[in-house]
Each structure stands twice: as structure tokens, then as C-alpha cells.
Amino acid sequence: MAWTDKRPMSPHLQIYKLPLTALISISHRITGVINFVGIVFLVLVLARAAGGEESFAFASALLSSWFGYLVLFGFTFALYFHFCNGIRHLFWDAGVGLDLESAKKTAPAVPVAAAVLTLVTWIVAIAA
Amino acid sequence: MNSLRTPLARVKGMGSAGEGTDHFWLQRLTAIGLVPLCIWFCFSMASLPSMDYATFTAWLGSPFTAVMMILVILVAFYHAALGLQVIVEDYIGEKGIRTASLIAIKIGCVFFAVTGVFSVLKISFAS
Numbered sequence: 001m002a003w004t005d006k007r008p009m010s011p012h013l014q015i016y017k018l019p020l021t022a023l024i025s026i027s028h029r030i031t032g033v034i035n036f037v038g039i040v041f042l043v044l045v046l047a048r049a050a051g052g053e054e055s056f057a058f059a060s061a062l063l064s065s066w067f068g069y070l071v072l073f074g075f076t077f078a079l080y081f082h083f084c085n086g087i088r089h090l091f092w093d094a095g096v097g098l099d100l101e102s103a104k105k106t107a108p109a110v111p112v113a114a115a116v117l118t119l120v121t122w123i124v125a126i127a128a
Numbered sequence: 001m002n003s004l005r006t007p008l009a010r011v012k013g014m015g016s017a018g019e020g021t022d023h024f025w026l027q028r029l030t031a032i033g034l035v036p037l038c039i040w041f042c043f044s045m046a047s048l049p050s051m052d053y054a055t056f057t058a059w060l061g062s063p064f065t066a067v068m069m070i071l072v073i074l075v076a077f078y079h080a081a082l083g084l085q086v087i088v089e090d091y092i093g094e095k096g097i098r099t100a101s102l103i104a105i106k107i108g109c110v111f112f113a114v115t116g117v118f119s120v121l122k123i124s125f126a127s
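Residue numbers (my numbering), protein chains in the order written: chain A, 1 to 128; chain B, 1 to 127.
Calculated directly from the structure, the hints in this document are not laboratory data. Quantities reported herein were computed from a predicted structural model and do not represent experimental measurements. All C-beta atoms in this analysis are idealised placements derived from N, C-alpha and C, irrespective of residue type, glycine included. Among the hints, erroneous ones may be present.
Here chain B is said to cover these stretches of chain A; the calculated rule only asks that three of the stretch's residues, wherever they fall, bring their Cβ under 8 Å from a Cβ of chain B [to be verified]:
id : segment
1  : 29 to 35
2  : 38 to 49
3  : 81 to 94
Could you build the full structure based on these sequences and the hints that come with them?
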């Protein structure tokens with residue numbers, strides 16, 4: 001049914017442009033769920049390795065392919081994003097920087113630090 | 001007597017939920033534990049020259065790697081169970097689906113954590 005009420009509405013998620021602090025906040029949850037998928041994937045790889053060489057063949061081929069690298073790169077970034085924002089949360093829990101101005105200042109540092117850590121990890125991975 | 005609450009209930013400060021700050025505190029405690037564990041995990045994995053069977057199992061065969069990997073699994077799944085619980089509690093209102101999801105999260109996390117630890121031990125003891 002079409003919306004006919006002409007009165008102004010309060011900000012709605014589909015219309016309201018999320019500020020960066022809010023985007024980082026919801027991304028923390030989303031990356032948390034991705035990290036859960038990541039550790040389940042890790043357990044599956046470990047279980048395949050525990051089953052012997054033949055059992056590990058598919059996991060090994062997948063993890064050495066460009067598709068596997070792409071997935072692992074995504075998992076790495078999601079992990080570091082949650083890691084960096086998690087440290088931000090720990091500081092807030094200790095009462096440090098728990099005000100709007102500080103939150104606005106530290107928000108952009110999260111994706112930047114996560115990107116740097118991801119790149120450093122992958123430089124190590126490719127060099128090894 | 002001004003209140004119907006017993007002195008014991010008042011001093012425990014648990015409220016009607018019957019629990020205190022356990023969830024909040026363990027979420028933070030596991031988060032602090034995961035800071036060094038995540039760095040070790042990422043860089044140790046990244047340092048592997050390849051992902052073939054021999055390299056992977058030799059890596060897990062080292063006692064230090066095995067212990068660290070078991071810690072990663074246990075602490076990460078504990079942290080994940082607490083985090084997923086909050087997400088379900090926030091977004092799922094319907095009582096039946098909500099309770100079923102909360103049970104599924106706990107059972108799922110325990111299942112995968114036990115599978116992970118067993119796998120690490122099996123590889124580690126075999127090499």
C-alpha cells in the first residue's frame with residue numbers, strides 16, 4: 001500500500017545518509033559475522049588436514065588458487081577491521097575517548113589501519 | 001521494610017534477568033585475548049611458503065603452533081557465541097525463532113570449536 005501520510009517522517013534508514021561513525025558501527029557487526037564464517041572455514045580446513053593428504057587435496061588446491069586468495073584477502077580485511085574497531089571499543093570501555101568529537105576523529109582511522117594491516121600481512125604472505 | 005526485595009537479591013544486584021555483567025565482561029576479556037592471538041594467527045599463516053599438505057601439517061606439528069591454534073579456536077568461538085547472541089537478541093523479536101537461534105548458536109559454536117581442537121591435536125600428535 002502506498003504511503004499517503006503527508007506529515008514529515010523521522011529519518012528512515014533507506015533515506016537517511018548514515019554518518020561515518022554509524023557506518024563503522026554497523027560494519028563492526030557485519031565484519032563480526034564474516035569473522036564467524038571465517039573461523040568456521042578455518043575449522044573445516046583443519047578437519048580436512050586431520051583427515052590426511054587425500055582429504056586435504058581440495059582445501060589445498062582451493063587455498064592456492066586465485067579465488068581462494070580473493071576469499072582469504074576478504075577475510076583478512078574483515079578480521080583487521082573488526083580488530084581495529086574492537087580496540088576502539090576497548091578504549092571506550094575504559095572511558096577513553098568516549099565523546100562525539102573523539103569518535104568522529106577516530107572513525108576514519110579504522111578502515112585506514114585495517115587496510116594497512118591487510119596489505120602488510122599480504123606482502124608477508126606473498127614474500128614467504 | 002521499604003522493599004519486597006530480599007537483602008541478598010539487593011546486594012547481588014542481578015535484577016530481574018538473573019545475571020549480572022558476565023556477558024559484557026567475557027566479551028571484553030576474550031576481545032583482549034584475541035588481540036595478540038589475531039596478530040599471531042595472521043602473520044603465522046602468512047609466513048607459510050605454501051598451502052600443501054606437508055607444509056601445513058608440519059606447521060601444526062610444532063607444539064607452539066598447536067597451542068596457539070587451539071587458543072585461537074577456543075577464544076574466537078567463545079567471543080563469536082557472545083557476539084552472535086547480541087545480534088539475535090537485537091534483531092529477532094519472535095520468541096520461538098529467537099530462542100531456537102540462541103540455542104543453535106551455542107550448539108554450533110561448541111561443535112565447531114571441538115572439531116577444530118580435535119583436528120589440531122590429531123595433526124599435532126601424528127607428526
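Hint check results:
1. 29 to 35: holds (count 4)
2. 38 to 49: holds (count 7)
3. 81 to 94: Since three or more residues must qualify, the claim that chain B covers the segment 81 to 94 of chain A holds, with 6 doing so at under 8 Å.
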